[in-house]
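Line by line, the protein sequences give chains P and V.
Residue numbers 1 to 273, in our numbering, belong to the letters of the first sequence in order.
Residue numbers 1001 to 1286, in our numbering, belong to the letters of the second sequence in order.
A portion of the hints provided could be inaccurate.
Said to hold, decoys possible - On the chain P side, residues computed to face chain V include the following (Cβ under 8 Å): (1) L27; (2) T47; (3) V193; (4) R196; (5) P240; (6) H252; (7) V269.
As the list claims (entries may be wrong) - Label-pair distances were calculated between CB atoms; the ranges are: (8) L1232/V x T238/P: 43 to 53 Å; (9) L127/P x R1072/V: 47 to 57 Å; (10) S260/P x V1070/V: 36 to 46 Å; (11) I138/P x G1083/V: 52 to 62 Å; (12) P257/P x V1208/V: 24 to 34 Å; (13) A32/P x V1070/V: 26 to 36 Å; (14) R1098/V x P257/P: 38 to 48 Å; (15) T29/P x L1054/V: 30 to 40 Å.
Derived from the structure by calculation, the hints contain no laboratory data.
Built from N, CA and C at the ideal position, the CB exists for glycine as well.
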Amino acid sequence: MLSRVFLSALLLGIGADLEAQAQGAALRTGQAAALNDLTGYWVSVVTEDWRLRMIVPDPHDYQTLPLTAAATKVADAWNPAADQAAGNQCRSYGAAAIMRVPGRLHIYWQDDNTLRIDTDSGTQTRLFHFGGAAPRSIAPEWQGYSVASWLGQKPISTAGAGRPPSQGTRIGGQAAVERREDVAPGQGQLKAVTTRMRPGYLRKNGVPYSGDATLEEYFDRFRGPNGDTWLVVTIIVTDPQYLVEPYITNVHFKKIPDGSGWDPTPCRVDQPR
Amino acid sequence: MRFPSWCLLILFLVPARSAWAQVDLTGEWSPRKYNDHRDIGDYTGIPLNEEGRLRARSWAPNQADIPENVCRLHPPDLGYRVGPSDLSIEKELDRYTRQVIAYHIHSYWSEETIWMDGRPHPPEHALHTRGGFSTGRWEGNTLIYTSTHLKEAYLTRAGVPRSAKATVTKRITRYGNYLTMVIIVEDPAYLTEPYMREETWVNAPEQVVSPFACEPVAEGTILPAGTVPSYLPGQNDALWDFAIEFGIPPDATQGGAETTDPEYIEKMKKMKTLPRTTRTHYLRQG
Chain P
1 MLSRVFLSAL
11 LLGIGADLEA
21 QAQGAALRTG
31 QAAALNDLTG
41 YWVSVVTEDW
51 RLRMIVPDPH
61 DYQTLPLTAA
71 ATKVADAWNP
81 AADQAAGNQC
91 RSYGAAAIMR
101 VPGRLHIYWQ
111 DDNTLRIDTD
121 SGTQTRLFHF
131 GGAAPRSIAP
141 EWQGYSVASW
151 LGQKPISTAG
161 AGRPPSQGTR
171 IGGQAAVERR
181 EDVAPGQGQL
191 KAVTTRMRPG
201 YLRKNGVPYS
211 GDATLEEYFD
221 RFRGPNGDTW
231 LVVTIIVTDP
241 QYLVEPYITN
251 VHFKKIPDGS
261 GWDPTPCRVD
271 QPR
Chain V
1001 MRFPSWCLLI
1011 LFLVPARSAW
1021 AQVDLTGEWS
1031 PRKYNDHRDI
1041 GDYTGIPLNE
1051 EGRLRARSWA
1061 PNQADIPENV
1071 CRLHPPDLGY
1081 RVGPSDLSIE
1091 KELDRYTRQV
1101 IAYHIHSYWS
1111 EETIWMDGRP
1121 HPPEHALHTR
1131 GGFSTGRWEG
1141 NTLIYTSTHL
1151 KEAYLTRAGV
1161 PRSAKATVTK
1171 RITRYGNYLT
1181 MVIIVEDPAY
1191 LTEPYMREET
1201 WVNAPEQVVS
1211 PFACEPVAEG
1221 TILPAGTVPS
1231 YLPGQNDALW
1241 DFAIEFGIPP
1251 DATQGGAETT
1261 DPEYIEKMKK
1271 MKTLPRTTRT
1281 HYLRQG
């Protein structure tokens, strides 16, 4: 009987602890809960996929893309003049592609729960909304609707090994209760999930993503070994219509002191940015 | 003494949650090769200096056929980026304290050990190896490690060199079923700036990483004995094929920090291109 009481208390303790953490996180605004500071001006440093990003790829160049047959068919029919005429010149500047377009970012808090990213390439604005789900009835936009959250909790007491010595005291040999705490400021990452996007282009040469696509992104800011500050974005596009598996790429940006060099461009069907 | 069935159910669920909370990097990881592919003469986006560019231009593909190169492993900074680059990550625990002593990362092309026990890097002139000597630390949920004592190798499979003086810093972050690695190469011999790349893997518990199966060849088997294929300056007849194939100004294909800046797009508009007489040539990924 005593064991039963002890076990119940233990389990209730776990539940209460986790619930308290969840409530605490929910009560804080996105800005107050920020585990990293992504704000400021950033510039693309194009060290990868240079020929796909710094020039407009040739028609039919689909190298490395996990496309369905339907996607290839659509891409083969790419007609930039028709896009221009139909007012669809921003198709290659949609949320699923915009971070790969060379250019500058300006990131700032629009309000306590909305992190805003302006891009000079294509003059686009992305809004990352904290503390809620995407509304059900919202018209699709090039940048879709992004739901954001902070990643960065670490266990502070777990049984067994696997943690480095610097992360707290191990509870020797006991089956410990899991508890977690936020990582130190500057060590967390931002996760954003974007839906409700207008159909756009993954690649400038007409490779499509559909309105059913989901964009999952992870933003990691850190200081490099030489003192430069970097923002690395892991980009995962899932599209049941045009991709046979998630399409995963990464890009990085270097922090710059101010907006000098900011060069806003309109959406252009025949230019890399 | 019997526990109620609901207790057993909760006991079953709690450890499953803990496995994620530990940010465990160990296990099997399958690559997604969507980043970058390189041809001969494609040094785009690499902050090469003149020495690095000269070495890259002298490289000939059949250098790989020299007996001492046939079974040469890639260093991790390249091996993780060229197929097959399936990863298998293990941790080594101290028998008594159960603290992590090291992580071991194995892929088809490369092996590396990341020491987590605070040991220092060896003296400068100690043994240099393909995997180098690495020490790591955690920053939040990201494993950061620095590798030195690397043998001279390549940044790409198309001959862009990386010297034995290089330091490579890697950051591994797990995002659920994804693992992202940032690779930063600093090379005072061949680069003017750190060269940064990334790669992402997907958790693949059923994966088995193949051993590196390679049979050495005897001198003279593939190439005449004593031959070291290379190009003298100005004699690499394949150097501009990449520029021709993709309609890129030749100078822009030769790398340099300036070429990584978005403003370089405008500069290229004033640069000369060569007639696009070919759309295909020798291709080597990486």
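Notebook entry, point to check: Taking the CB of P257/P and the CB of V1208/V, does the distance hold inside 24 to 34 Å?
Noted result: Violated, since P257/P and V1208/V (Cβ atoms, about 49 Å apart) do not stay within the stated range.
Notebook entry, point to check: Is it true that the C-beta distance of A32/P to V1070/V lies inside 26 to 36 Å, as the hint says?
Noted result: Violated, at about 59 Å.
Note to self: Tell me if the interface restraint on P240/P is satisfied: Cβ within less than 8 Å of some Cβ in chain V.
What the structure shows: violated, 17 Å
Next item on the list: Please test the hint of 38 to 48 Å on the beta carbon pair from R1098/V and P257/P.
Entry: 46 Å Cβ-Cβ, so the 38 to 48 Å window holds.
Notebook entry, point to check: Is the hint on T47/P kept, meaning its closest Cβ partner in chain V is under 8 Å away?
Noted result: Because about 4 Å separates T47/P from the closest Cβ in chain V, which is inside the 8 Å limit, the hint holds.
Checklist line | Interface hint status, V269/P versus chain V (Cβ within 8 Å) | finding: violated, 15 Å
Notebook entry, point to check: Holds or violated: is there a CB of chain V closer than 8 Å to the CB of V193/P?
Noted result: violated, 12 Å
Check: Could one say that the CB atoms of L127/P and R1072/V fall in the range 47 to 57 Å?
Finding: holds, 50 Å
Margin query: Just to be careful: measuring from the Cβ of H252/P to every Cβ in chain V, is the smallest value less than 8 Å?
Written below: holds, 6 Å
Next item on the list: Could you tell me whether the CB distance from T29/P to L1054/V stays inside 30 to 40 Å?
Entry: With a Cβ separation near 55 Å, T29/P and L1054/V fall outside 30 to 40 Å, so the hint is violated.
Notebook entry, point to check: So the hint says 36 to 46 Å: do the beta-carbon atoms of S260/P and V1070/V match that?
Noted result: Violated, since S260/P and V1070/V (Cβ atoms, about 52 Å apart) do not stay within the stated range.
Check: With 8 Å as the cut and Cβ atoms as the points, is L27/P at the interface with chain V?
Finding: violated, 21 Å
Consistency with the previously given hints fails for numbers 1, 3, 4, 5, 7, 10, 11, 12, 13, 15, ordered from lowest to highest.
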